[in-house]
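J.: With these hints in hand, go ahead and build the complete structure from the sequences.
Protein chains: 2
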Amino acid sequence: MGLKVVIVGAVAAGPKAACHIMRLLPDAEITMVDEDSLISYGGCGIPYFVAGDVADEKELRSTSFHMVRDIDFFEKAKGIKTMTETSALSIDRKNKTVRVKSLKTGEESDLAYDKLLLATGSRPFKLPIPGIDAENVFAISTLTSGIKVKDLLIANKVGTAVVIGGGAIGVEMAEAFSDLWGVETTLIEFAPHLFPGAVDEPCGNIMADCLRRNGVDVYVNEGAQEIICKDGKAVAVKTNNREIPCDLVIAATGVRVRNELAVAAGLQVGLRGGITVNSRMQTSDPNIYAAGDCSEIVHMVSGERMTIPLGSLANREGRVAGTNIAGKNAHFKGAVGSFIVKAYDTAMGSAGLTMRAARMAGFDPACVWISTGDRAHFFPTHAALYLCLVYDKRTRKVLGIQGTGPGDSDSLSVRLDTAMAFMTQGGVGDGARVEDLCNAETAYAPPFSSAIDAINNLAFTAENQMNGYLTMMDPMEFIKMAEAGFPDPDTVIVDVRTWVEVEPFVEKYGKDKWIYFPYATSRENSLDVLPKDKNILLFCSSGGRAYEVIRVLAPAGFNNIRFVPGGHAFMSKLSRKWLPESQQ
Amino acid sequence: MGLKVVIVGAVAAGPKAACHIMRLLPDAEITMVDEDSLISYGGCGIPYFVAGDVADEKELRSTSFHMVRDIDFFEKAKGIKTMTETSALSIDRKNKTVRVKSLKTGEESDLAYDKLLLATGSRPFKLPIPGIDAENVFAISTLTSGIKVKDLLIANKVGTAVVIGGGAIGVEMAEAFSDLWGVETTLIEFAPHLFPGAVDEPCGNIMADCLRRNGVDVYVNEGAQEIICKDGKAVAVKTNNREIPCDLVIAATGVRVRNELAVAAGLQVGLRGGITVNSRMQTSDPNIYAAGDCSEIVHMVSGERMTIPLGSLANREGRVAGTNIAGKNAHFKGAVGSFIVKAYDTAMGSAGLTMRAARMAGFDPACVWISTGDRAHFFPTHAALYLCLVYDKRTRKVLGIQGTGPGDSDSLSVRLDTAMAFMTQGGVGDGARVEDLCNAETAYAPPFSSAIDAINNLAFTAENQMNGYLTMMDPMEFIKMAEAGFPDPDTVIVDVRTWVEVEPFVEKYGKDKWIYFPYATSRENSLDVLPKDKNILLFCSSGGRAYEVIRVLAPAGFNNIRFVPGGHAFMSKLSRKWLPESQQ
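The listed protein sequences correspond, in order, to chains Z and D. Heads up, the first sequence is in our numbering, so the first residue is 2 and it goes up one at a time. Heads up, the second sequence is in our numbering, so the first residue is 2 and it goes up one at a time.
Worth flagging that the hints you see were computed from the coordinates, not collected in a lab. Treat the hints with care, since some could be wrong.
The list treats identical chains as one, so a pair stands whether inside a single copy or across any two.
[Said to hold, decoys possible] Cross-link-like lysine-lysine pairs, in silico, DSSO-like; alpha carbons within 30 Å at most:
| no. | residue 1 | residue 2 |
| --- | --- | --- |
| 1 | K59 | K574 |
| 2 | K334 | K394 |
| 3 | K329 | K394 |
| 4 | K231 | K127 |
T.: See the structure below:
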């Protein structure tokens, strides 16, 4: 008799664990249970299925060799029994059984286990507002709901849509609606910027700007207060500021752990409800494991326990759980929340902590932002990257990276993943220092990177700031000043670009506010044009020249100069309102 | 009086150090000396300039903000004195002076230094064969030589070319010649495969195949014995096998360290001539530093001392040297030889050790090869990656990664750089284990990667092999067998793909040699078709199904099965000769 394994949940962690166990322990008797009829699919692909990039939903639940992963596939090819449309009701830990109920027949039965894996995942957080249950409000949490939405689009029943929630699903769905289907789309986000959990304000604003450039209305600081319905259907979304008519609503406001089974069985759960596991993905009952969205893992930088609903982590955790269930030994040390999203021409992502998260975790964080090329600046396909490195001032440790880049290449991925690898060195609470990233030996050839790679450039800048060679201002502080017309009489901008670049700014802001101090002759320029008693903001096209000039001016006693991060390239990406008219 | 710094060499490490020193120490007095008239250029961009991707050579020596880095630029913008067309003759360490000579006027003078940086780089290795000095034989070691070659192409004087040497410059030049200029190009390589220093045979063969598909004749195991000249001009290259007529020869046969100054000054140099430095890039004379191609650095995996001629390393080393020269403290721990090259539609690269290098360094290495997708297999732009992980059997340490991927994306870069970051953890001799790569938390969204990323997949496969769950055969062993028609009567291929895929192979090789054993029903198939007394090679489309079937067959006593790495996808990439006619 083989080991009896019951797995609750058959989307990502569950099937991964099941298949892995079967390979390690070919005589295992595995039963997977899932409430849905569709299983083992790439949930992150649903927006691409709705958009049409993926033509058939079957592609999302097929193997790379084009076999559909259905009950039959798991049975015949994998030797795994699967019960779909079946709910797990309770766990009897003493007798080691799981009570399940068929949603089709109502029939109940008990499944005996030697080892049990809970891969119950998460469910969409349901906003507590009127109208949320209307039939045309979708959470896109299952493939089934994605299929329903696409059917409505195909039937031409969606002219306008409101997306509630500016996270990955919200933004990807907004793109899917507006780009292929020509749906008039509005996205609202309760927080002050998009992706508040994953990035700080500048990245969120770049993504909002990207959506707006592509015709999506975006409102931040706006919560949905009511979904106005007519005949049981949503017809508008009411926020604190407006009422937005719509034929369909996507409610993508995050997820909550599905831990009811675990809680009812007396298993330990964390503060946010994630099922507590050790590094072997073992719960407080040694015969029960948990993996995927429902399990609580450790943030390797902050050391805090958290849940992260990502299919990629679910697969990795599922494999670790599977190894241990099969009687071998594997560990999952934790995660840094690596994240990436694409919308239109823009990629945005992060790994580790944002500034806000770093402060909350008790670090003494600072950050730098750079505007840089993703490959040799002389190579034809080069594009801009805007990157931020968050580090701890006390320990010089790398705490996080975030940024945006071109949507049609992997040039942002490379830098995120490289930084991730450094941040996870040595396990929880260890990691790398900024100096380690300075010499990160990325592979170089002009079509792929630069002799001084973006990640090195980012670390160099952070090191220069840590060592007191430059002081970078907050990007949003500059934007707020700029959009207000630089009202502070004690602040001037010193622009070290060439006259042709500087002239429109001098014209707009006046030569006493926007001072021309060309880089090329910076060692010979008269210093009399620079007011020593004022706050100087050093400005150039992307940052390199401004830093250089700061170091030229330092010996002359100009030590209170601040550096405008990423220069014109980055600042104009964050807001165009303050630019000369010809550049708006 | 500021610190007097003399820097010999003004291409990569020299200018990087000079600029960095000036920023840290604004009153430093820096003099850079170089024999060439062109300085501070991206040498790795020369093939792209010849190809036409880069229109003007000035782009290779411009900043990202389009200023040409010439003497004037360094003087005015950087405050650095530069003497071009000037040779450094000798170092007087006692009096701390460098004797220099103008190549234009012949005038000699002494430059006093407090700190000296040797960034003398490397020179092309000159093959000791007749004709190597002919005027139309070029090494592409300087921008000046690149300009000469491009002028000849523009003047329509090159109909045929021979490239000696199958490394990065050779391959990039072959592409430049044949792709844009339509030059009939032949590339010869002395070693058994291209890029013998950076990759093992499979990768080298994929690159050779890529060149051949694009019209370049490639001959390996062929050394140039003579360059046949007429009126002082090369007209043909004679190898051990043939004589190849040509209008131009590129001799790209590697480089040798330029260490004469250092040696004459009594500085310590290593076995291969690299100038010995500590982690601060300081030579055996504490007032003299060395950085770039001429310095000897430590391989972080093998611990061996080596020289690596790469502009990217030169920049990083130059910055470390600059920091230390400026009286601060920085370290360069070593390198793993990260490397990438593009030719036509193919990217190829590596980091760490090849199998051959790992054996030579005293490890007990093994490797796995996989054929995998670079992003979600349902995402339209997905492409194939062929990756190899080299690991140490004793310690389970990651020793190296290598592979090929699409030339028009960064999807190979991401995996190389991620692996690099793991391999360099903790410094020389430390690094990561295969298990660490299993959980490498690469950022996932379908446009950029897979839920189980290629790097995870690669590590999973290696772990499975380490743990005895599969035995992978050497890819070239399979190809050799296949090209010979599988002559060994005791070897059969068991193909687990679908009948439509398998049929042409059964037709070609016979049903007793090429056995159909479909994956979908592998748990039900009769085992009688499988000869227990023969060597079974398990074959599928890319590897996943074959592994699965191996695990199904294991309990039935089939334990001597070997796995054909990367299946049909990889094997057909390595050679098409053995395929059914319809697929050749």
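J.: If a hint holds in the structure, say so; if it does not, say that too.
T.: Outcome of the hint check:
Proximity of K59 to K574 under the C-alpha cut-off of 30 Å is restricted to the inter-copy arrangement: shortest distance 28 Å between copies versus 39 Å within a copy. With identical chains, the CA atoms of K334 and K394 are at most 30 Å apart both within one copy (25 Å) and between copies (23 Å). For the homomeric pair K329 and K394, the shortest alpha-carbon distance between copies (18 Å) is at most 30 Å, but the shortest distance inside one copy (41 Å) is not. Taking CA atoms no more than 30 Å apart as the test, K231 paired with K127 passes inside one copy only; the shortest distance there is 20 Å, against 84 Å between copies.
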